[in-house]
Amino acid sequence: MFIPIRLAFLFLFVLATSWPVFAEVQDETLLDVQVREIAKTLRCTVCQTENIWESGAPLAQQMRGVVRDRLKLGHSPEDIKEYFLSRYGDYIMMQPPAHGVNWLLWAGPFILLLGGGLLLYKEVIGWVRRTPTPSTAPPPPLDEQARQRLERELES
Amino acid sequence: MIIEIGHFSTIIALVLSVFGMASAALALKTRNPDWARSGRMAVTLIFALLGIGMLSLVYSFIVRDFSVLYVANNSNSKLPFFYTVSAVWGGHEGSLLLWVFILSVFSTLAVWLHWRTQPTIMPYLIGVECAIIFGFLCLIVFLSSPFERLLPVPLEGKDLNPLLQDPAMVMHPPMLYMGYVGFSIPFSFAMAALFSGRLGEEWIKVTQRWTTFAWMCLTTGILLGGYWAYYELGWGGYWGWDPVENASFMPWLVGTAYLHSVLVQEKRKMFKVWNLFLIIVTFSLSLIGTFLVRSGVLTSVHSFATDPERGLYILIFVGTIIGIAFAALILRSAKLKSQVELDSLISRESIFLFNNLFFLVAAATVFLGTLYPLILETLSGAKVTVGPPYYNAVFMPIALGLLFLMGIGPYIPWRKASVANLKKSFSLPLLAGAIMVIVLAVTGIRNLYALAGTYVVAFSGMAIVMDFGKISQLYAQRNSSNIFKGCLAAFTANQRRYAAMLTHIGVLVLVIGIIASTIYQTEKVVSMKIGDEMAIGDYRMKLTNIHDVEGGNWKAEEGVFQVFEDETLLTELRPQKRIYNATQTPTTESAIYSINMGHIFLTMPEVSPEGVAVARGVLNPLILWVWGGGIIMGLGVILNILRPRKREE
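As you go down the protein sequences, you meet chains A and B in turn.
Taking the numbering used here, the leading residue of the first sequence gets 471, the next gets one more, and so forth.
Taking the numbering used here, the leading residue of the second sequence gets 1154, the next gets one more, and so forth.
It should be emphasised that the hints constitute simulated quantities derived from the structure, not laboratory data.
A portion of the hints provided could be inaccurate.
[Unchecked claim] Derived, one-sided and incomplete: chain B residues facing chain A with beta-carbon distance under 8 Å: (1) Pro-1186; (2) Phe-1235; (3) Glu-1494; (4) Leu-1498; (5) Pro-1542.
[What the hints assert, rightly or not] When the alpha-carbon atoms are kept at most 30 Å apart in a straight line, the in silico DSBU-like pairs for lysine-lysine are as follows: (6) A:Lys-592 - B:Lys-1682; (7) B:Lys-1682 - A:Lys-542; (8) B:Lys-1577 - A:Lys-592; (9) B:Lys-1311 - A:Lys-592; (10) B:Lys-1182 - B:Lys-1638; (11) A:Lys-551 - A:Lys-510; (12) B:Lys-1569 - B:Lys-1623; (13) B:Lys-1420 - B:Lys-1182; (14) B:Lys-1536 - B:Lys-1358; (15) B:Lys-1182 - B:Lys-1576; (16) B:Lys-1420 - B:Lys-1311; (17) A:Lys-510 - B:Lys-1311; (18) B:Lys-1490 - B:Lys-1358; (19) A:Lys-592 - B:Lys-1569; (20) B:Lys-1569 - A:Lys-510; (21) B:Lys-1576 - B:Lys-1638; (22) A:Lys-592 - B:Lys-1536; (23) B:Lys-1576 - B:Lys-1422; (24) A:Lys-592 - B:Lys-1677; (25) B:Lys-1569 - B:Lys-1358; (26) B:Lys-1231 - B:Lys-1638; (27) B:Lys-1311 - B:Lys-1231; (28) B:Lys-1577 - B:Lys-1490; (29) B:Lys-1677 - A:Lys-551; (30) A:Lys-551 - B:Lys-1536; (31) B:Lys-1677 - B:Lys-1420; (32) B:Lys-1677 - A:Lys-542; (33) B:Lys-1231 - A:Lys-510; (34) B:Lys-1577 - B:Lys-1311; (35) B:Lys-1708 - B:Lys-1420; (36) B:Lys-1490 - B:Lys-1420; (37) B:Lys-1358 - B:Lys-1311; (38) B:Lys-1536 - B:Lys-1577; (39) A:Lys-592 - B:Lys-1488.
Quick caveat: nothing in here was measured; it's all calculated off a predicted structure.
Even for Gly, the Cβ is constructed at its ideal location relative to N, Cα and C.
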């Protein structure tokens, strides 16, 4: 009598321990998420263009610790960024702040694109104007057009 | 002894490169074909001698001859055999030797392949190739020789950088260099055209396959680098806008512009100066990329060497080549004035020009971002970081514009497009884009970049599919066969065009993968004890064990994670935290499970002595599309290169 009951208990025990639902589910706390968000914007100073979140360097680990400690003390993300900026300067941010001469960096590509686009547009319009209009034949009927398209596709 | 043979061969190759330049000059001066023939022999011998140089280095690595300084620095008695061979290009000196060896292979191929058809070009080709070989061999022989001996002989080598002990890293540098060096062939032909004054379309037609091949190698090299970064650096991303990545991306961007722009000259005999300009810039950026990476001027994840002397030499050498090339272009520009005939702003010619503008601005952006910190520090001493947030913000609009042009360009006729034509070709694609955006918006996707990206991808994809479908149907009707045979007939009838369209589809697939895996990436970092679980997305990961494992030259702590979806066990992932014995460098080895075209990506960056593991889980949706898109692109390019020759070519 005892043996089957014991076996049943054993079976239940094994089932319970192996069943994943009974495991303790760990999740990121709000603090973890905040640390991650901030860490991704800060540069690991001993690494090469890596942020302190992605870097495995001991210094990055320390810096993540600083971020975490300050968040625990109630500092806001802005305070923490200010703290790092005051200690390391602009270098610590993963992107140059958009002030002073850095405007050149931020606006440069768009100035090039717009300026280049405008120049190119003017040039193309000029070329078009100087090109004599070719005498065009009257438009062919529809299925003829399809045939011509096929030919054009064949040679292009 | 063996390594001295290699050293000696390399020195003779250097001498022969001077001889090659001299015989090229004499061939031009005396018009005696014997001189060209001896130039050809010089190039061929350089290839053979550098082959001996490479082999001697490979041999020294295989027998682990630590009396060779370079071997001692980049190898170890416990390094697996596979990596002892790839360690040949694991460091600065060896990778330069590989560069110039590939250059000699391509030069020899080009000289023999085009010998009959391009006799007048040959002396120029030989001269230019020998000049580039000469520049690199001087660097190798005088400033960074992989053949140096080390005394006293150490008992043990320092080992190859553990990050490079990886299959993707074995192939990444050779592919990248084949791309860089491959562009030297169209560059040399362009220089030959400039020097000889034969400025027609011939050099472009002759080098079209070379260009495509170089582009394919460069693309593959870049993608392999991304793949390596993805699973080896362990942060779950594949592109970090690292200066070294940027260095390879810049020639790719301009090379892609060139690849498209030459089509205009082939068809319409226009924009001659522009194409010469583009190939010169492409090859210059290949050289600058090599300079940036190899001089140590950039400090980045990949830079392993710093040496100002070498940097200065490469700078002067690269500057000389670029200077000569541009001087030749400027001196010839009067002769190159071609009559530009454009019938309309809405024509394929004009779309190609705007495509070039976007590619060049993209390249300029990468250039600016990469060099800005250097320039700023030199001028004002201020240090800034230009990282991924900058590039993501600035690059996105440019990329969207390019993708949009990609949908338009191939379907606008040369010379002039009529309104009816535009309506017919683009109303359905525009609609397709709108429908996709509405569908996504309804399912709750609000990210502006995701929506805009989806719109252009749907637009361009629809344009490609519609066009090919129509043509295939016409073929099917004409041959009265079914539509599949029609597709095949259409493809083979114009393989060059439709192979290119296949590459475009690959780009679209890649872009979808990029959008999904960057914007919809989920990431979690959790501290876990054995028995704990973490939930990420629809999946749960249970840490069941942490144990020690040992490889040939490393030891690791390995976490065993069971991955569940609902209650079903999907797989077991085993990320490792490795320590390589020789250098005591830690690396994190990621564990990856593919599901629904995406990845569950797991690393275990830290394990505390108490047995608490820090686990980082990343869900990368649709990331397989990134690599799949790359493969489709490659397939398109291979079909393009292997197309049957037409009579007019």
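Now the hints, each set against the structure:
1. Pro-1186: Violated: closest Cβ of chain A sits about 37 Å from Pro-1186 of chain B, beyond 8 Å.
2. Phe-1235: Cβ of Phe-1235 of chain B sits 25 Å from chain A, so the hint is violated.
3. Glu-1494: holds, 5 Å
4. Leu-1498: Check passed: Cβ of Leu-1498 of chain B comes within 6 Å of chain A, closer than 8 Å.
5. Pro-1542: holds, 4 Å
6. A:Lys-592 - B:Lys-1682: violated, 67 Å
7. B:Lys-1682 - A:Lys-542: Between Lys-1682 of chain B and Lys-542 of chain A the Cα gap is close to 23 Å, so the pair holds against 30 Å.
8. B:Lys-1577 - A:Lys-592: holds, 28 Å
9. B:Lys-1311 - A:Lys-592: It is violated: about 61 Å lies between the C-alpha atoms, which goes past 30 Å.
10. B:Lys-1182 - B:Lys-1638: violated, 56 Å
11. A:Lys-551 - A:Lys-510: Distance ~11 Å between Lys-551 of chain A and Lys-510 of chain A Cα, so the pair holds.
12. B:Lys-1569 - B:Lys-1623: holds, 21 Å
13. B:Lys-1420 - B:Lys-1182: violated, 34 Å
14. B:Lys-1536 - B:Lys-1358: The given pair, whose Cα atoms are some 47 Å apart, is violated under the 30 Å limit.
15. B:Lys-1182 - B:Lys-1576: This hinted pair is violated, its Cα atoms lying about 58 Å apart.
16. B:Lys-1420 - B:Lys-1311: Violated - the C-alpha atoms of Lys-1311 of chain B and Lys-1420 of chain B are around 56 Å apart, more than 30 Å.
17. A:Lys-510 - B:Lys-1311: violated, 33 Å
18. B:Lys-1490 - B:Lys-1358: With a Cα-Cα distance of about 20 Å, the restraint between Lys-1490 of chain B and Lys-1358 of chain B holds, given a limit of 30 Å.
19. A:Lys-592 - B:Lys-1569: Holds: Lys-592 of chain A and Lys-1569 of chain B sit about 17 Å apart, inside 30 Å.
20. B:Lys-1569 - A:Lys-510: violated, 50 Å
21. B:Lys-1576 - B:Lys-1638: With a Cα-Cα distance of about 28 Å, the restraint between Lys-1576 of chain B and Lys-1638 of chain B holds, given a limit of 30 Å.
22. A:Lys-592 - B:Lys-1536: violated, 40 Å
23. B:Lys-1576 - B:Lys-1422: Holds, because 29 Å separates the two Cα atoms, which is no more than 30 Å.
24. A:Lys-592 - B:Lys-1677: Between Lys-592 of chain A and Lys-1677 of chain B the Cα gap is close to 52 Å, so the pair fails against 30 Å, i.e. violated.
25. B:Lys-1569 - B:Lys-1358: Answer holds: Lys-1569 of chain B to Lys-1358 of chain B is near 24 Å, not above 30 Å.
26. B:Lys-1231 - B:Lys-1638: violated, 56 Å
27. B:Lys-1311 - B:Lys-1231: holds, 11 Å
28. B:Lys-1577 - B:Lys-1490: This hinted pair is violated, its Cα atoms lying about 36 Å apart.
29. B:Lys-1677 - A:Lys-551: holds, 22 Å
30. A:Lys-551 - B:Lys-1536: At roughly 17 Å apart (the allowed maximum being 30 Å), Lys-1536 of chain B and Lys-551 of chain A satisfy the hint.
31. B:Lys-1677 - B:Lys-1420: violated, 54 Å
32. B:Lys-1677 - A:Lys-542: holds, 19 Å
33. B:Lys-1231 - A:Lys-510: Since the Cα atoms of Lys-1231 of chain B and Lys-510 of chain A sit roughly 37 Å apart, the hinted pair is violated (cutoff 30 Å).
34. B:Lys-1577 - B:Lys-1311: Between Lys-1577 of chain B and Lys-1311 of chain B the Cα gap is close to 65 Å, so the pair fails against 30 Å, i.e. violated.
35. B:Lys-1708 - B:Lys-1420: violated, 61 Å
36. B:Lys-1490 - B:Lys-1420: holds, 17 Å
37. B:Lys-1358 - B:Lys-1311: violated, 49 Å
38. B:Lys-1536 - B:Lys-1577: violated, 54 Å
39. A:Lys-592 - B:Lys-1488: Given that 30 Å is the threshold and the Cα spacing comes to 24 Å, the pair holds.
Hint violations for this structure: numbers 1, 2, 6, 9, 10, 13, 14, 15, 16, 17, 20, 22, 24, 26, 28, 31, 33, 34, 35, 37 and 38, all remaining hints satisfied.
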